[in-house]
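The lines below spell out each chain.
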Amino acid sequence: MKNHWVEYLTGIITVKATGKGLERFLNKLMKSGISIWYIKKHGLHTITFQISLKKIHHLRRIVRGSGLKIEFQRRAGAPFLYKRLWKNSGFVLGVFLFIGLVLTLSNMVWGIEIKGANPATEYQIRKQLDKMDIKIGKFQFFTKELDEIQAELTNNINAITWVGVELKGTTYHFQVVEKDEPKKREEEVPQNLVAAKKATIVDDFVEEGSKRYSMNEVVKKGQLLVAGTIGKEDNTKVVSAKGKIWGETWYNTDVEIPLETIFQVFNGKEKEKHFLNLGKWEVPVWGFGKVEFKQYEQEENTKPIKFFKWELPIQVVNKTYREKEEVVRGYSEKEAIQKGLEDARKDILKRIGEDGKIKEEKILQQQIKNGKVKIKIAFTTIENIAKAQPLKQGDTE
Amino acid sequence: MERGSFFMAKKWGHSLRNWMNKNLELPQDVMMDLPRITMIGQIHIYVENHRGLITFSDKELRLLLKQGQLLIKGKGFVIKTILPEEILLEGKIDQVLYINE
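As they're listed, the protein sequences go chains W and D. Start counting the first sequence at 1; every next residue gets the next number (my numbering). Start counting the second sequence at 1001; every next residue gets the next number (my numbering).
Bound conformation, chain D alone (with noise of 0.2 Å):
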């Protein structure tokens, strides 16, 4: 009974953020803890919002998020910069996946 009644409330929090995400015209990166990713081109990209590393080598970059991962595949890549929820990632991107588990 408790646990169902804190779904519950857990539910109503999604549902009301869905609500102000339309009505307000918030970004949704804000209201929804989504990852926002920035892409110059091919050779840049810039990920904020994300939650962790998982693998680093110079052809991928898999990065954890609040939901699922963010797969990055591509040649030589050197990560420019990192910060708790930025990073910075430089090289030639061939993909962006991604994988909801």
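With the rest of the complex left out, here is chain W (with noise of 0.2 Å):
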């Protein structure tokens, strides 16, 4: 038996054939070597059979003698077929612009709602998230990943603590939780002033208090410099001693400057590539060819695709590589020191705080080991060495 299907392909027409004769005409086709099938009598004078769409033309030649009338009834086969679907294609055609709307508006998007600031703060996030190209209407594939978002806002905005980034289908929630700058008190809490540190008194502004130093004088680590009682032995009053009581420190600083270093640096270079993630394949859709830098970062971000509120299992992959390059950094001997001294300034700075002030600098000792400068400096600075002790109750002194 034969299975029709190769005629399937280039088209199937069930004829339907009336008048005297039928078997010869029969016979006729079968000697011209076209191919019929599925022959069916109906009545005495009709037969119907299928015959391949493409011997159509040899089968009117044959029945123009015969006195025979032909009529075409059912068209199958891959022909017909396409020309349905071709009629149909508006319908289709539909059904996938509207998919791929969906699509579309499902990864936008498509609010900023932002909760717990005032409106000054929250037109300050609005605007930095601006910058940041998170808008309505833009595209969630192309937007950071949450945890950046939230790190640039807590960085660039200073009203605000801390922000909660959450992305609930189309929008995005902030949580602001601002700071709530109280203005400093000074605590009116009975005190005397200590020194922290071991100095020699240079300069002072006593708010408060009664004084129990002289200028010039060296002081010890704990030394009492401004009490907080003050009057005449039976008439003593306890208040909270203030002031800022200036004393000369010394400080020695070690510091150790290599001569070369290396850094790695990004020079700038970078690629991209966009991907599909279907499943476990990874298919490429922008960004082709190969990362061709010698050392480099890859920075890769996923996002699910969604649809509706429902995520679906294909993820945009964008992949960035940066190159990265190493830099030497070689300094003079003289260069090495200077860099050194600057670090050192710095780091004293540090230590002796805002309205500290370098009075003195002082290299003790230089010398290169190893690739390296080491030297020894010696800092007279200039400090608020006071510190304030609470007074118990009961204390007089």
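Think about it this way: if two alpha-carbon atoms lie no more than 20 Å apart in a straight line, the pair counts; the simulated SDA-like pairs of lysine to any residue are:
| no. | chain 1 | residue 1 | chain 2 | residue 2 |
| --- | --- | --- | --- | --- |
| 1 | W | 16 | D | 1078 |
| 2 | W | 31 | D | 1088 |
| 3 | W | 290 | W | 317 |
| 4 | W | 220 | W | 352 |
| 5 | W | 31 | D | 1086 |
| 6 | W | 28 | D | 1083 |
| 7 | W | 303 | W | 281 |
| 8 | W | 40 | D | 1074 |
| 9 | W | 31 | D | 1055 |
| 10 | W | 69 | D | 1055 |
| 11 | W | 55 | D | 1083 |
| 12 | W | 54 | W | 81 |
| 13 | D | 1073 | W | 38 |
| 14 | W | 115 | W | 134 |
| 15 | W | 387 | W | 212 |
| 16 | W | 197 | W | 215 |
| 17 | W | 40 | D | 1043 |
| 18 | W | 319 | W | 286 |
| 19 | W | 40 | D | 1093 |
| 20 | D | 1080 | D | 1046 |
| 21 | W | 135 | W | 145 |
| 22 | W | 28 | D | 1069 |
| 23 | W | 40 | D | 1060 |
| 24 | D | 1059 | W | 48 |
| 25 | W | 127 | W | 153 |
| 26 | W | 20 | D | 1059 |
| 27 | W | 144 | W | 314 |
| 28 | W | 40 | D | 1076 |
The set of hints was computed from the structure by calculation and includes no laboratory data.
Make one complex out of these two single chains by using the hints.
If you want it as structure tokens, here you go:
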């Protein structure tokens, strides 16, 4: 038996033939090599059969002289199927367009909600988000990761302590905790001022309390400087001693500066690649070719594609390759010392506080060893040495 | 005389074929130009080596053979395939008759 699937591809037509001499007609068809199949007789003078679409011309030629009438009944097979598909293509196109539209809209940013911020902060946050390209109507694939957004917001806006970032569907929710900046109230606690370290007193400014030192006196650590008790013997009063006492202090610092330092820096060259992640397969969409960087860092950003609120098992992956380069920084001996001094100064200023000053600096020792410059520096500084010490109840001194 | 010798030749050829059949054990349909009929139960009949269609209806199929005719009777006949020397008939076959005229 023969399956007619080959004919199906080229098209099959069901033909109805009416008239006399049907058997003769069938014999003629047979002899001219036109294959027909599924021949059925309906009544005396009618047959139906199937024939390949390609043989229709031959059929017509044979029919012409026979006095039969033919009629085409049913068309089946690929060409007709294709025609029907084409006819219905508008509908199919519509379906695809609709899915496409839903996909597009599901993956956009449709709302930014900020909670817990006052209008001024909210405005700042919105401005910052604009800068990060998080706007209504943008695609979510190209926005940063949530924790990056969070970090950028907290770093750039001083008024907020913490911000919770959440992406629910197509809306970003920001939960802001603002800094409550209370005015610093100096507590009126009965207290003394004592020396925080050994120093020579050079200057002072006492607001309250009675001085217990003289100028240029060398004080020890923990020595009472300003007492919180004022008044004469019987008529004493306890106050909160306040003031600044400037003392000359000394620091020795050791600094080590390597003459040559190797840094890894990005040289600004980067390559971006976009992929679609389908289960195990990564289908490149944009950005082809090999990464030709010798040394590079790779950053990957994966975002799922959403359909309405559901996440599809397809992800958009953006990969960024940044080229790294090794840079050797070399110092001459002089530069190294200069750098060492700078570092040391910064370090000292950090230790003596904002209102401290460096009065004098002196390099005590310097040597080069193993490609490093070692220097020992002595600093003479002036800083506030007053430290609060609460007075206990019943303390008179 | 001429006619006679032609007839003789034909007869001679026939007997040669008969002899070959007997001694070479070749299938008879090949040698003798006979129809080969294959039936699958009552539902299919496959006839090879026919010489054309004489009548066809849903109850009857008459085929011309080299010698005589073949008559197939039954119900709901449909010719599944027809080729110059082959025919495949489907339906419910009741009888297969040889008609020698």
